[in-house]
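Chemist: Take a look at the letters that make up each chain.
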Amino acid sequence: MLSEFPKRIGYDDPLELYLSRLDALLRSDYKISRRALCLLLLQEDKEILEAVKDKEKDKADEIVKIIEEAKAHYAHPISYIISILRQEEATRISNMVMGSKPARNLTFRERISKIMMNPFTGGPILLVVLYYGLYKFVGTFGAGVLVDFLENKVFGNYINPFVTELVTKGIPFKIFQDLLVGEYGIITLGLRYAVAIILPIVATFFFAFAIVEDTGYLPRLAMLVDQLLKKIGLSGRAVIPLVLGFGCDTMATMVTRTLPTKRERIIATLLLALAVPCSAQMGVILALLDKNPIGLIIWLGVILLVFLLVGFLAAKIMPGELPTFYMEIPPLRFPQLSNILRKTASRLKWYFLEIFPIFIFASVLIWAGQITGIFNILVKILEHPIRWIGLPSQAAVSFLFGFFRRDYGAAGLYDLKKAGLLSPNQLVVACVTLTLFLPCIAQLLMNIKERGWRMGMAMSVFILFFSFSVGYLVNLFFNLFGIHL
Amino acid sequence: MLSERAEEILEALWIEIDEHGKKTLDLGASRDDPAVDELIKLGFIRRDADHIHLLEKGKSHALSCVRRHRLAERLLVDVFDIKRKIINEVSCKFEHLLHEDLEDNVCAILGHPKICPHGKSIPPGRCCSEKRDRKLPRFVASVAEMSAKDKGKIAYLQTKDSSQMQKLISIGAVPGVSITLMQKFPSYVFQIGQSQFAIDKQLAQGIYVRLAHK
Numbered sequence: 001m002l003s004e005f006p007k008r009i010g011y012d013d014p015l016e017l018y019l020s021r022l023d024a025l026l027r028s029d030y031k032i033s034r035r036a037l038c039l040l041l042l043q044e045d046k047e048i049l050e051a052v053k054d055k056e057k058d059k060a061d062e063i064v065k066i067i068e069e070a071k072a073h074y075a076h077p078i079s080y081i082i083s084i085l086r087q088e089e090a091t092r093i094s095n096m097v098m099g100s101k102p103a104r105n106l107t108f109r110e111r112i113s114k115i116m117m118n119p120f121t122g123g124p125i126l127l128v129v130l131y132y133g134l135y136k137f138v139g140t141f142g143a144g145v146l147v148d149f150l151e152n153k154v155f156g157n158y159i160n161p162f163v164t165e166l167v168t169k170g171i172p173f174k175i176f177q178d179l180l181v182g183e184y185g186i187i188t189l190g191l192r193y194a195v196a197i198i199l200p201i202v203a204t205f206f207f208a209f210a211i212v213e214d215t216g217y218l219p220r221l222a223m224l225v226d227q228l229l230k231k232i233g234l235s236g237r238a239v240i241p242l243v244l245g246f247g248c249d250t251m252a253t254m255v256t257r258t259l260p261t262k263r264e265r266i267i268a269t270l271l272l273a274l275a276v277p278c279s280a281q282m283g284v285i286l287a288l289l290d291k292n293p294i295g296l297i298i299w300l301g302v303i304l305l306v307f308l309l310v311g312f313l314a315a316k317i318m319p320g321e322l323p324t325f326y327m328e329i330p331p332l333r334f335p336q337l338s339n340i341l342r343k344t345a346s347r348l349k350w351y352f353l354e355i356f357p358i359f360i361f362a363s364v365l366i367w368a369g370q371i372t373g374i375f376n377i378l379v380k381i382l383e384h385p386i387r388w389i390g391l392p393s394q395a396a397v398s399f400l401f402g403f404f405r406r407d408y409g410a411a412g413l414y415d416l417k418k419a420g421l422l423s424p425n426q427l428v429v430a431c432v433t434l435t436l437f438l439p440c441i442a443q444l445l446m447n448i449k450e451r452g453w454r455m456g457m458a459m460s461v462f463i464l465f466f467s468f469s470v471g472y473l474v475n476l477f478f479n480l481f482g483i484h485l
Numbered sequence: 001m002l003s004e005r006a007e008e009i010l011e012a013l014w015i016e017i018d019e020h021g022k023k024t025l026d027l028g029a030s031r032d033d034p035a036v037d038e039l040i041k042l043g044f045i046r047r048d049a050d051h052i053h054l055l056e057k058g059k060s061h062a063l064s065c066v067r068r069h070r071l072a073e074r075l076l077v078d079v080f081d082i083k084r085k086i087i088n089e090v091s092c093k094f095e096h097l098l099h100e101d102l103e104d105n106v107c108a109i110l111g112h113p114k115i116c117p118h119g120k121s122i123p124p125g126r127c128c129s130e131k132r133d134r135k136l137p138r139f140v141a142s143v144a145e146m147s148a149k150d151k152g153k154i155a156y157l158q159t160k161d162s163s164q165m166q167k168l169i170s171i172g173a174v175p176g177v178s179i180t181l182m183q184k185f186p187s188y189v190f191q192i193g194q195s196q197f198a199i200d201k202q203l204a205q206g207i208y209v210r211l212a213h214k
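So the sequence lines, in the order shown, correspond to chains A and B. Counting from 1, position 256 in the first sequence corresponds to residue 256 in this note's numbering; the numbering is continuous, with no gaps. Counting from 1, position 177 in the second sequence corresponds to residue 177 in this note's numbering; the numbering is continuous, with no gaps.
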């Protein structure tokens with residue numbers, strides 16, 4: 001039956017006329033149908049126009065003239081005219097074969113969807129998702145139970161003693177023993193951090209994120225927070241990289257590619273680097289501020305304030321197109337376990353391929369830095385700003401390592417806390433500063449890759465000064481008001 | 001009250017000055033038109049050998065003639081569904097019937113449109129800036145002005161920004177499709193066909209819908 005219909009849409013007279021005039025001028029082969037090519041030309045597709053100008057050198061002026069003439073003929077953009085004509089044709093065809101029944105009552109899914117998109121019920125739902133997904137599942141289960149099991153039981157009781165003995169017996173030189181199993185050894189530090197601390201945290205995060213993603217909740221969250229994000233120069237669309245940043249900022253920075261304008265991409269990258277703590281960091285920070293709920297609230301408040309303030313100021317000073325928000329709201333779906341596992345696995349695979357070598361590399365760098373004494377010099381330099389924000393100079397080591405991996409640094413502080421070297425006040429200051437402090441080396445590289453050398457470095461310098469300044473202010477605030485947590 | 005012919009001269013004069021960047025209108029065929037004398041007597045225009053010039057006193061009248069013509073076009077296309085090709089002839093007669101208060105009421109039921117069906121801008125009237133609700137049945141409104149659960153067909157897109165228009169086209173919000181507004185806070189959520197979309201206020205102001213009446 002379909003063969004009775006022409007395979008192409010007939011447009012109205014003037015448009016067909018312009019199409020045939022363009023068609024007559026084109027000589028080269030473009031690998032797509034001539035008609036499609038001419039239609040794209042009339043719709044001012046920049047890429048196609050450049051290609052055509054390039055291939056039809058002597059006819060280029062004439063082609064541009066026809067396009068200009070066609071544009072002048074219509075009061076509206078030609079792409080608008082064409083999409084209306086296509087819509088009419090599509091409606092005509094679908095009306096011949098499709099009918100629709102009058103709407104029935106709302107289904108269960110539609111009811112849930114409405115509740116999620118209602119600003120009064122949507123807020124509490126977000127809190128529930130954050131509490132169970134992030135705090136309970138990632139924080140308590142991933143960063144607590146799993147980390148404890150892997151780090152203390154598996155590494156502490158089995159792997160570390162076993163490998164240490166093997167290496168000490170097998171390798172004669174102390175220096176090389178240290179490279180593998182020393183205080184900052186590849187296995188005792190690099191592998192342990194990567195497998196026992198970071199892996200369970202990001203794995204639980206990616207698992208929770210995949211569930212949330214597959215239900216179709218994220219676009220609903222995006223429409224809820226769009227107006228809020230507009231205040232900091234972003235649109236609702238930015239919730240996806242921002243939420244992903246709570247898992248891994250490096251991956252989230254890559255995902256900022258999905259934002260439509262350069263301005264939004266820069267603001268999102270800056271906020272991710274500065275004020276969105278990744279899951280590994282959060283896991284350690286939750287552990288550091290364990291039994292210090294007021295400290296946790298202060299940390300959260302300061303980070304949130306910095307996030308909003310820096311976003312607001314960046315939106316004020318950054319030139320460029322203001323963001324617009326448009327997004328499809330897909331139907332809610334019940335997530336499928338196989339899909340979730342596949343997604344989690346592929347993200348973990350990416351994470352490990354990217355991150356694991358950096359951990360090993362960082363271990364080697366720290367080892368080399370220790371032997372050559374460069375690290376001691378850097379640590380000595382860092383001790384000044386560290387004392388300036390009221391922390392013991394031992395914390396300088398954590399901050400330096402924090403650059404190789406932010407979570408490395410946080411984990412270093414954890415060791416200091418266990419040794420009883422940090423007061424609750426100092427812990428809060430340290431957590432705030434380290435959260436804001438320079439992104440890990442992987443994220444620094446990603447920033448440079450995505451935003452270019454100048455922007456990437458400028459952001460890093462800004463963050464370096466900014467993080468210590470905020471740490472200083474928090475410490476000053478504690479001292480001025482005589483607050484002892 | 002001005003004669004129909006005088007209104008048309010004022011309108012042509014305004015378009016020449018405001019949209020074509022000229023200073024005057026060629027007299028041409030209206031050389032011996034009594035309407036020209038009518039306008040001169042009122043102090044709206046001044047003429048020399050071949051041209052007529054618009055005077056300060058005639059400006060608001062000229063602007064209002066353009067506005068009425070384009071509102072008439074919108075009314076015919078959006079409400080009476082007259083084909084675009086013949087609207088000019090009909091609206092030329094129709095515009096003279098739209099006077100003062102009627103003009104603002106028509107503007108209100110059309111959702112205070114800013115462009116005519118040919119894409120030319122419609123000069124805003126008093127009604128466009130006032131907050132007062134005229135309590136008139138609405139025939140056309142932008143998505144931003146619709147109420148939740150309102151249904152209708154998209155009449156046209158009104159945005160000067162081509163990237164915004166592209167965005168609307170890309171989600172299938174083009175003239176002719178049926179649309180139902182589901183909610184309008186904190187973002188506008190609507191249904192087109194089997195799909196739902198969320199957009200911000202700026203985009204919602206660009207979609208004009210011919211409302212279906214219950």
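Simulated from the structure, these hints should not be mistaken for lab results. Bear in mind the structure is a predicted one, so any value in this text is a computation, not a measurement. One thing to keep in mind: the hints can contain errors.
Said to hold, decoys possible - Within a straight-line C-alpha distance of at most 27 Å, the following computed DSS-like cross-link-like pairs (lysine-lysine) qualify: (1) A:Lys31 / A:Lys57; (2) B:Lys149 / A:Lys101; (3) B:Lys149 / A:Lys114; (4) A:Lys230 / B:Lys135; (5) B:Lys149 / A:Lys65.
Chemist: Would you check the hint for Lys149 of chain B and Lys114 of chain A, treating anything up to 27 Å between C-alpha atoms as holding?
Modeler: Between Lys149 of chain B and Lys114 of chain A the Cα gap is close to 13 Å, so the pair holds against 27 Å.
Chemist: Quick one, are Lys31 of chain A and Lys57 of chain A close enough, alpha carbons at most 27 Å?
Modeler: Distance ~18 Å between Lys31 of chain A and Lys57 of chain A Cα, so the pair holds.
Chemist: Does the structure keep Lys230 of chain A and Lys135 of chain B at a Cα separation of 27 Å or less?
Modeler: Status violated; Cα separation ~33 Å.
Chemist: Between Lys149 of chain B and Lys65 of chain A, is the straight-line Cα distance small enough, at 27 Å or below?
Modeler: It is violated: about 47 Å lies between the C-alpha atoms, which goes past 27 Å.
Chemist: Taken at face value, is the distance from the CA of Lys101 of chain A to the CA of Lys149 of chain B at most 27 Å?
Modeler: Holds, at about 18 Å.
When each numbered hint is compared with the structure, violations occur for hints 4, 5.
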